[in-house]
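A.B. asks: What follows is each chain in one-letter form.
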Amino acid sequence: MIEFDQVSLALGSFRLNDVSLTINRGDYYFIVGPSGAGKTVILEAIAGLHRPRRGRILLRGEEVTSLPPEKRRVALVYQDYSLFPHMSVIDNVGYGLRMQGMGRADARREVAGLLTEFGIAHLADRYPGTLSGGEQQRRAALSPRSDNAGEVHPRPAAAPPGGRPYHRPGEPRPQGSAPACHPDCGDHRREPCGGRRG
Amino acid sequence: MKAETLSGDRLPGDKGVLWWKEHRGWHMDRCIVWFCIMGAVIVGITVLALANIAMKELADPAHLFKVAMSSEVIGSILLTFGAGANAVLLLVIFGTPLAYVLARSSPSRFKGAVESIVDIPLILPHTVAGLLVYLLFMRRGWLGAPLSEIGLAFEDAYPGTVVAMLFVASPFFINTMREGFEKVPTHLENVARTLGAGTFTTFRTVTLPLSLRHMFNGAILAWGRAIGEFAAVIMIAYYPFIISTLIYYSFTTDGIHTSRSIAFVVIVVSFAVFYLLRRMTRYLGRYDDRV
Chain Y
1 MIEFDQVSLA LGSFRLNDVS LTINRGDYYF IVGPSGAGKT VILEAIAGLH
51 RPRRGRILLR GEEVTSLPPE KRRVALVYQD YSLFPHMSVI DNVGYGLRMQ
101 GMGRADARRE VAGLLTEFGI AHLADRYPGT LSGGEQQRRA ALSPRSDNAG
151 EVHPRPAAAP PGGRPYHRPG EPRPQGSAPA CHPDCGDHRR EPCGGRRG
Chain W
199 MKAETLSGDR LPGDKGVLWW KEHRGWHMDR CIVWFCIMGA VIVGITVLAL
249 ANIAMKELAD PAHLFKVAMS SEVIGSILLT FGAGANAVLL LVIFGTPLAY
299 VLARSSPSRF KGAVESIVDI PLILPHTVAG LLVYLLFMRR GWLGAPLSEI
349 GLAFEDAYPG TVVAMLFVAS PFFINTMREG FEKVPTHLEN VARTLGAGTF
399 TTFRTVTLPL SLRHMFNGAI LAWGRAIGEF AAVIMIAYYP FIISTLIYYS
449 FTTDGIHTSR SIAFVVIVVS FAVFYLLRRM TRYLGRYDDR V
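Top to bottom, those sequences are chains Y and W. With the numbering used here applied, the first sequence closes on residue 198, and no number is skipped along the way. With the numbering used here applied, the second sequence closes on residue 489, and no number is skipped along the way.
These are calculated hints, taken from the structure and not from any lab test. Heads up, some of the hints might be wrong.
Said to hold, decoys possible - Derived, one-sided and incomplete: chain W residues facing chain Y with beta-carbon distance under 8 Å: (1) Pro344; (2) Gly394; (3) Gly396; (4) Val404; (5) Leu408.
As the list claims (entries may be wrong) - Calculated Cβ distances over 10 Å to all of chain W for the following chain Y residues: (6) Leu21; (7) Gly55; (8) Gly61; (9) Glu110.
Glycine included, each C-beta is placed from N, C-alpha and C at the ideal position.
Only chain W is shown next, with the shape it has when bound in the complex:
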């Protein structure tokens, strides 16, 4: 049977028609076309930059492979991702309650002040953020001194990397999580309370499950921010080398060739990891919430 509608138009999917011919008759909104062209400038810059580095690196696969397989690079990538995950874990533990309180409290001057404090790492230059962290956690710092006495050193050490990442990534997690909590209707919590659930049980069984998507999105954003940090981290922990420090170090010592290869490896790994994470969380916490 011929695939066509009653009026004789061919149906989409009819093998006799090429897809671009099928869409030829579409009405293109001029406004949307311009928006697309302007948007393409931004996307174009990223695509060009990626294409540029990929062309150069793929032209010399032997060197790229050698760099990618070096223990220094692998160790540094693992360290960066691990420290980022560690910072995010701390954020989930300490930031989630804060986000909930901010979402549920009524507007007040105090709330506004706390919100501004949460946002401070967003507006500060990263070197300033790093300096703040350094002054607080250095060996003679307010927090660094007592913690170093119990054997927790921050200067040029893994905890220093984590705490710097935590500081710069915190607004991304807390703000996303707060938006998630704000979207959970209070009356659902009310219903849970009247059914016999205490405040924490309500949070655990109703509010948190309904905000899981925001929690994961916030965690991914914060993790991305954390592993991309450079300035704040080197202020307190130049060693061990996180990936940004390694690229910078290699750029200033070995030159562009090696640092470019490391950068390309990082691009590929980050892209793969974030793509996987996004795919994993695609169906998470997605309910048809007509209710």
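Bound conformation, chain Y alone:
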């Protein structure tokens, strides 16, 4: 669950005043507004990249207002995918795992399976700058964190090839995890896969 309690924050001359919202577990929540309205700022505040001046932010029932982003277990996928241009695809996907303390070799082994599942194993050693738009999307859409704790997308990315879901329906999801399933995920529409458990 994600909760904003009267959150106000300021970034230069930009101000977000008294935002309150509650997103229940399993919900899909769309924030709509014109450019510069503060949609991304809200997402970044959830991720912990901005500290509010007033108000509280709660994640999974715990107050995280002053918790740094690396301790919040919330992943953010930016509109432009935000791939690290100096890392190969396999290292890009494995970055989150490595930051959780996994060794490079182990992370690569782990990620190799995911890449195969997404049909992009052949891109493993390529650099993001040499990928096509669709290839980049697929890489960015790969759940960036190992624990799937929560993921917020500023914009839906394309579904993986062949309409396969990000996690297959019926596959057990780790307990206590918020949805990482994508709104555009084809199978999700037919059958409420991991995304609608709330």
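Since chain Y is already given, all that's left is putting chain W on it; use the hints.
C.D. replies: Quick look at chain W alone, frame taken from chain Y:
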């Protein structure tokens, strides 16, 4: 098969055509031509100066060889390059964090003041810069006094050379490094943070690797500035002779002939070193950053 296009034009690389004939049909933009002519004045001065000294020196290779092989000249060149590298190393260690803070902080009066302080060595005459360094690091100076007590003397000593070079070269490194950090999108750092990397880990694994090119360019610029320094260095450390001091000394004692030979040796060595460094860093940190 004849190398030509469908319309019958010959293809470039066709052995039957001389390259200059191939390019004869190019449309030359008049504006660009004038720009080239004006630019040629600047390049021309450098080329003429180099050709001038090279012609004179190569006419007497025996003398040139004798000067180039003298231990005084070799020692001085090594000392200058070494002190410059030492200054750059200190700049990388202390200047990189400063550059990062400047790149990431929002505009404020305090930031503006710090930026102006960083630029001070750029605008000061070098003798003034040297005097500032001397007054601070001399035996009775604010920093010189306590440091001399622990055995670190700056006057007429290697540390004095390094600190003078560090002072004059610092804006070149810090400003280039700051530009590099500014070019790294903040959202890449944000993504790294949300993936579990702390501030320093993000800096080490994302920001710094993406700014490596700027770091090397800044270091090369600063090093070039450092080894070219003369006025600031002699104010605090006339001895040991750095290469500029040696040339000046030889110019005033031995005359033009020897100092010119030393100068030519320095030109050749500097050119070779900088060319190698540029080549080495050509592919460094170069990513196709459509992302």
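A.B. asks: For every hint, state whether the structure bears it out.
C.D. replies: Against the structure, the hints come out as follows:
no.	hint	verdict
1	Pro344	violated, 39 Å
2	Gly394	holds, 4 Å
3	Gly396	holds, 5 Å
4	Val404	holds, 6 Å
5	Leu408	holds, 6 Å
6	Leu21	holds, 19 Å
7	Gly55	holds, 20 Å
8	Gly61	holds, 20 Å
9	Glu110	holds, 14 Å
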